[in-house]
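> Chains as they are written, first to last, in this note's numbering: chain A, 1 to 383; chain B, 1 to 386.
Certain hints may be false.
[Stated by the list, open to error] Stretches of chain B that chain A covers, calculated by requiring three or more beta carbons in the stretch to come under 8 Å of a beta carbon on chain A: (1) 68 to 79; (2) 154 to 161; (3) 166 to 179.
[Unchecked claim] Facing chain A, a subset of chain B residues (Cβ under 10 Å, in silico): (4) 186; (5) 374; (6) 383.
These aren't lab readings, by the way, just hints derived from the structure by calculation.
Small disclaimer: the values here were computed from a predicted structure and weren't measured.
Built from N, CA and C at the ideal position, the CB exists for glycine as well.
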Amino acid sequence: MGTEQQAGQRQPGFRRIFNVIATGDRVSAVDVVLYSMLIFVPLAFIVGFMGWGGLWVFLTSALAIVPMAKLLGAATEELSARVGSGLGGLLNATFGNATELIIAFFALQAGLTTVVKASITGSIIGNLLFVLGLAIVAGGARREKQTFNATAASASSSQMTVAVAALIIPAVFVAAGSTKSHSDSVLEGISLAVAAVLLLTYLAQLLFSLRTHSHLYHDEAVEEMGGKVWPIRKSLIVLAVCAIIIGFLSEFLVQGVEYLTSTLGWSELFVGVVLVAIVGNAAEHMSAVTVALKDRMNLSMSIALGSSTQIALFVAPLLVFVGYFMGGSSQLTLLFHPVEIVGIVLAVLIVDIVSRDGESNWLEGVQLLAVYAILAVAFFVLE
Amino acid sequence: MAEQDSVQPRQINLGSALNAICSADGPTLVDKILFALLIFVPIAFVVGFSGAGGGLWVFLTSALAIVPMAKLLGTATEELASRVGSGLGGLLNSTFGNATELIIAFFALQAGLTDVVKASLTGSIIGNLLFVLGLAIVAGGVKRPRQTFNAVAVSASSSQLGVATIALVIPAVFAATTPAGLRSGLVENLSLGVAGVLLLAYLAQLIFTLRTHPQLYTEEAEEEVGGVPWPIRKSLLLLAFCTIIIAFLSEFLVSGVQYLTSTLGWTDLFVGVILIALIGNAAENMAAVSVAMKNKMNLSMSIAMGSSTQIALFVAPVLVFVGFFMGGKSELTLLFQPFEIAAIVLAVMIVDRIARDGESNWLEGVQLLAVYTIFAVAFFLHPLGR
Numbered sequence: 001m002g003t004e005q006q007a008g009q010r011q012p013g014f015r016r017i018f019n020v021i022a023t024g025d026r027v028s029a030v031d032v033v034l035y036s037m038l039i040f041v042p043l044a045f046i047v048g049f050m051g052w053g054g055l056w057v058f059l060t061s062a063l064a065i066v067p068m069a070k071l072l073g074a075a076t077e078e079l080s081a082r083v084g085s086g087l088g089g090l091l092n093a094t095f096g097n098a099t100e101l102i103i104a105f106f107a108l109q110a111g112l113t114t115v116v117k118a119s120i121t122g123s124i125i126g127n128l129l130f131v132l133g134l135a136i137v138a139g140g141a142r143r144e145k146q147t148f149n150a151t152a153a154s155a156s157s158s159q160m161t162v163a164v165a166a167l168i169i170p171a172v173f174v175a176a177g178s179t180k181s182h183s184d185s186v187l188e189g190i191s192l193a194v195a196a197v198l199l200l201t202y203l204a205q206l207l208f209s210l211r212t213h214s215h216l217y218h219d220e221a222v223e224e225m226g227g228k229v230w231p232i233r234k235s236l237i238v239l240a241v242c243a244i245i246i247g248f249l250s251e252f253l254v255q256g257v258e259y260l261t262s263t264l265g266w267s268e269l270f271v272g273v274v275l276v277a278i279v280g281n282a283a284e285h286m287s288a289v290t291v292a293l294k295d296r297m298n299l300s301m302s303i304a305l306g307s308s309t310q311i312a313l314f315v316a317p318l319l320v321f322v323g324y325f326m327g328g329s330s331q332l333t334l335l336f337h338p339v340e341i342v343g344i345v346l347a348v349l350i351v352d353i354v355s356r357d358g359e360s361n362w363l364e365g366v367q368l369l370a371v372y373a374i375l376a377v378a379f380f381v382l383e
Numbered sequence: 001m002a003e004q005d006s007v008q009p010r011q012i013n014l015g016s017a018l019n020a021i022c023s024a025d026g027p028t029l030v031d032k033i034l035f036a037l038l039i040f041v042p043i044a045f046v047v048g049f050s051g052a053g054g055g056l057w058v059f060l061t062s063a064l065a066i067v068p069m070a071k072l073l074g075t076a077t078e079e080l081a082s083r084v085g086s087g088l089g090g091l092l093n094s095t096f097g098n099a100t101e102l103i104i105a106f107f108a109l110q111a112g113l114t115d116v117v118k119a120s121l122t123g124s125i126i127g128n129l130l131f132v133l134g135l136a137i138v139a140g141g142v143k144r145p146r147q148t149f150n151a152v153a154v155s156a157s158s159s160q161l162g163v164a165t166i167a168l169v170i171p172a173v174f175a176a177t178t179p180a181g182l183r184s185g186l187v188e189n190l191s192l193g194v195a196g197v198l199l200l201a202y203l204a205q206l207i208f209t210l211r212t213h214p215q216l217y218t219e220e221a222e223e224e225v226g227g228v229p230w231p232i233r234k235s236l237l238l239l240a241f242c243t244i245i246i247a248f249l250s251e252f253l254v255s256g257v258q259y260l261t262s263t264l265g266w267t268d269l270f271v272g273v274i275l276i277a278l279i280g281n282a283a284e285n286m287a288a289v290s291v292a293m294k295n296k297m298n299l300s301m302s303i304a305m306g307s308s309t310q311i312a313l314f315v316a317p318v319l320v321f322v323g324f325f326m327g328g329k330s331e332l333t334l335l336f337q338p339f340e341i342a343a344i345v346l347a348v349m350i351v352d353r354i355a356r357d358g359e360s361n362w363l364e365g366v367q368l369l370a371v372y373t374i375f376a377v378a379f380f381l382h383p384l385g386r
């Protein structure tokens, strides 16, 4: 009887973690995968503190961040469901990219500004090309075609265009200016100003989606919710614990990145654009693919496109300000490498072409993946 | 009686040669012109081997001779394809559809004319999009208020072209932003990687059109086939025969090209983008125009745009690998001149603009031709290719 009770008590505790990760009402295959990846969290700590080789540090911390990011996202959603739609939407939007922000923070601290910028690029083109491409292929593999709301997709497109303009201007400025205008302080001034404009735009977008035109986004938000809502205290505790753990894991990840670039000689651009970006956005990847499999293409597109715009309008400018206050080698400008800029512009263009008709089939997904692969090859070869 | 017997076989031979060129139900005006052009095949051989009349004549006769041979090769491929079932047949059709371009490019690569080869790839893409489509829209629209076509199918082609454009843009951006000292070997590696991705994308497209979504394309495929299919042996023989002849003609053509660029001082860009591309795609040109005149705009658009995507997704990457195995001066990268890239991007954009509404009229065709002419003038004058 005593042992049975013990087992009975242990199981709910065990299950509670499970429920945190499980989306909605049913445990899906993705949830099981994420759940089993939690094993990498202790592994990453052991490998990280013992310092067993850079490659292993990178791999274990990368794999450990994925389920933690999902947990953090779940806690944010639960919290925002409690506090009402206005503040809740703000929370969701702000903490939706908390993982990327934390990773970038530690990378900035280590002075890896190229990697941080590359991971911003990578998050944008990764969401537009890799995530959306995978989702369209996965959803379209057994269907002739899938449909979605072309108007919503085109609204995202115009937001992305604003972001693209912001990311291009500093590079054009440097390319067009004389050597005098190259001076760092001028570039920093421009970056800060552009970042401020982007944050204001982001604020306008929040007002639009949460206040003045909330009905446009209503049905998607409803789809996402499911199951019982947590008490506020539980959400806050999970949120705090996840943020701290991700902080440590990010520190390990950054060590691993330094190993990859300095010892293995991989280009910083490739590591940032492809590897770090995939790690930071893995949770979004999985949910976009999962809902595409269920033929909910509207939600899938809004996850992928929404994540891209958030990175560009919120994460990137915020990091500029963070870098400014950290100072020294952490100072971040919005001066991107020309290949990054071309990559972002082309990604926005091709997504616009593919999504304009409101229909998708698996070939279109393959096309997005092909563009992603081409860009990845270019970043890998780049010195 | 004996006299009649000896006459008849010749007539049949002549007739079957005509039939080989004819599409479907009967000899059209286009077929007759193509048939008449066959006369240039022996002339090209005589001029080519004797060198009579110099490089200009070598170029002209071999160019004119390639046009009907390309058509014959295409017919043999189609006949063979209709025999072997739709899956393998579709594969054959799309692979050998650009055999002429591939053969010409092969010999040009062997002669080390990589700039001309790249320019001919550019020219095939913009030529199909602007010149072929422009001519087809004008020819089809001249006696009609407007013509309609399936905008969805066109938009699918547009997105394929988008992928191809990106593949051609990236190496140039890459090279432009890499200091020249660091560049050695990198652009070659990048080109091979990009070519691999393009071939995979092409494979996906084949699976899409032949396996998972053939219903989107059947109506077009049916239109194309007609009459009694040939025996397989006849198709294979003709295929082999045409390939060999085209190979010889391509050699002559390449020596003619060298004359044009070195002696007359024409730019590599102009010769490749305009002349070679027109010759290699002449058969498609005629097919697209003649179906447009019959008001089959869907087919016309799919010939023109399909040919462009095939060049970009199949011919270009295959040539990169071929050049890699030939080595030395034949090595081909996907590093295009910025001016070529601008032309491709603008061509894709203007076609997308014009085709998006699913309707065409002759003025839109003239607009495409105008853009093409502007490019041709610019390529002729551009100092880079000299």
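> Does each hint hold? Answer for all of them.
Results for each hint:
Check result for the segment 68 to 79 of chain B against chain A: violated, 0 residues qualifying (beta carbon to beta carbon below 8 Å, three or more required). Given a C-beta distance limit of less than 8 Å, the hint that chain A covers the segment 154 to 161 of chain B holds, as 5 residues qualify and 3 suffice. Judged by the Cβ-Cβ criterion of 8 Å, the segment 166 to 179 of chain B is covered by chain A as claimed, because 10 of its residues qualify and three suffice. Taking 10 Å as the C-beta cut-off, the interface hint given for residue 186 of chain B holds, the closest approach to chain A being about 5 Å.
Contact between residue 374 of chain B and chain A, as hinted, is not supported at the beta carbon level, the nearest pair being about 23 Å apart and thus beyond 10 Å. This hint is violated: residue 383 of chain B has a C-beta 23 Å from the nearest C-beta of chain A, more than the 10 Å allowed.
Comparing the model with each earlier hint shows violations of hints 1, 5 and 6; every other hint is respected.
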